[in-house]
Amino acid sequence: MIEFMRLTDAKILERMTSLLAGDAHASSRDVVERMWRLHRGTPDLRDADDRLLRASIDVWSWAHECSIVLGVEAVPGSVPALGLMRPSRKLIDAYDVARNRERRARAGG
Amino acid sequence: MASPWTIELVGYRLHVSLFERVRLEHVERLDARLRVMFGDDDVEIDEIIVFLDGIEGLSPKARYHLADVQRWISTCRVRTVYVSNRPLYRGVALWVAHQSDDFNARSFPTLTSAEHWFQTRDERPQVLRTCALTCLRLLEGAGQSKKEDRP
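Quick note, the sequences are listed as chains A and B, same order. Residue numbering for the first sequence follows our numbering, beginning at 1035 and increasing consecutively. Residue numbering for the second sequence follows our numbering, beginning at 3 and increasing consecutively.
Because the hints were derived from the structure by calculation, they are not lab data. Here a beta-carbon is modelled for each residue, glycine too, at the ideal position from N, C-alpha and C. Be aware that a few hints might be false.
[What the hints assert, rightly or not] One-sided and incomplete, this derived list gives chain A residues near chain B with beta-carbon spacing under 8 Å:
| # | residue |
| --- | --- |
| 1 | THR1042 |
| 2 | ASP1043 |
| 3 | ALA1089 |
| 4 | ASP1092 |
| 5 | VAL1093 |
| 6 | HIS1098 |
| 7 | SER1101 |
| 8 | TYR1129 |
| 9 | VAL1131 |
| 10 | ARG1140 |
Bound-form chain A, shown alone (with noise of 0.2 Å):
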């Protein structure tokens, strides 16, 4: 998916329309052309299907919005952790400390 946000949108869908080639996924294929073109603002809405494409496309680009994080000049190691998966700083310092010690001996030895 990085290596697609580098391509034009014309190179996008032409890989995607050749990943979902043959007959079994001609549907989904269909799903992803009326797609595109909604996004570029060309067609009118036609059908339901149409408002649900383009509802979701308001909804990503929503998503895209609001997930923009400001502040970005901030040290990553300093970000509080936003949630409880994260290992705490402490736990993490350890980690590196005994990393560092096992590869010290390792190089002694």
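Put chain B on the given structure of chain A with help from the hints.
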């Protein structure tokens, strides 16, 4: 040294094209040029369209300065659209608009989609609110469908 940008006044619209690798000094020169144009009483500008299709790079310092330029543009009461056919630079343009706090700046994949927005008077926060409401309706609809699916 040639700058990797061009400016052209088309009616009340200012067309700015950025191309090749854009660095801080290039954006500084663009900034100076824009200030001269906006300071000219004979020039009337309602909208700015920044074309990014030809761009090959925009350094981090150039991005920050572009956000500063955009913040200044917001005081000139004009609407700005950034048009790029690549997700990467639409994202950069969105960051510039967001960072600048200019409610009248947005990024689009095509000029056609930008024209739709020009036809409205919605500012960016209003667009975001509409998108958020769409999100809620979708979630409500999905919840309703699940209830209906239950035996």
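The hints, checked one at a time:
For THR1042 (chain A), the suggested interface contact is upheld, since its CB lies about 5 Å from the closest CB of chain B, less than 8 Å. Proximity of ASP1043 (chain A) to chain B holds as hinted, the smallest CB-CB distance being about 5 Å (cut-off 8 Å). Interface restraint check for ALA1089 (chain A): the shortest CB-CB distance to chain B comes to about 5 Å, inside 8 Å, so the restraint holds. Against a cut-off of 8 Å between C-beta atoms, the interface hint on ASP1092 (chain A) holds, since the closest Cβ of chain B lies about 4 Å away.
The restraint placing VAL1093 (chain A) at the interface with chain B holds, with a minimum CB-CB distance near 5 Å, inside the 8 Å limit. Look at HIS1098 (chain A): its Cβ gets to within about 6 Å of chain B, closer than 8 Å, so that hint holds up. Given hint, SER1101 (chain A) at the interface with chain B, is violated; its Cβ is 10 Å from that chain's nearest Cβ, farther than 8 Å. Hint status for TYR1129 (chain A) relative to chain B: violated, with the closest Cβ pair at about 31 Å, above 8 Å.
Interface restraint check for VAL1131 (chain A): the shortest CB-CB distance to chain B comes to about 33 Å, outside 8 Å, so the restraint is violated. At a threshold of 8 Å, the smallest CB-CB gap from ARG1140 (chain A) to chain B is about 38 Å, leaving the interface hint violated.
Checked against the numbered hints given earlier, the structure breaks hints 7, 8, 9, 10 and satisfies all the rest.
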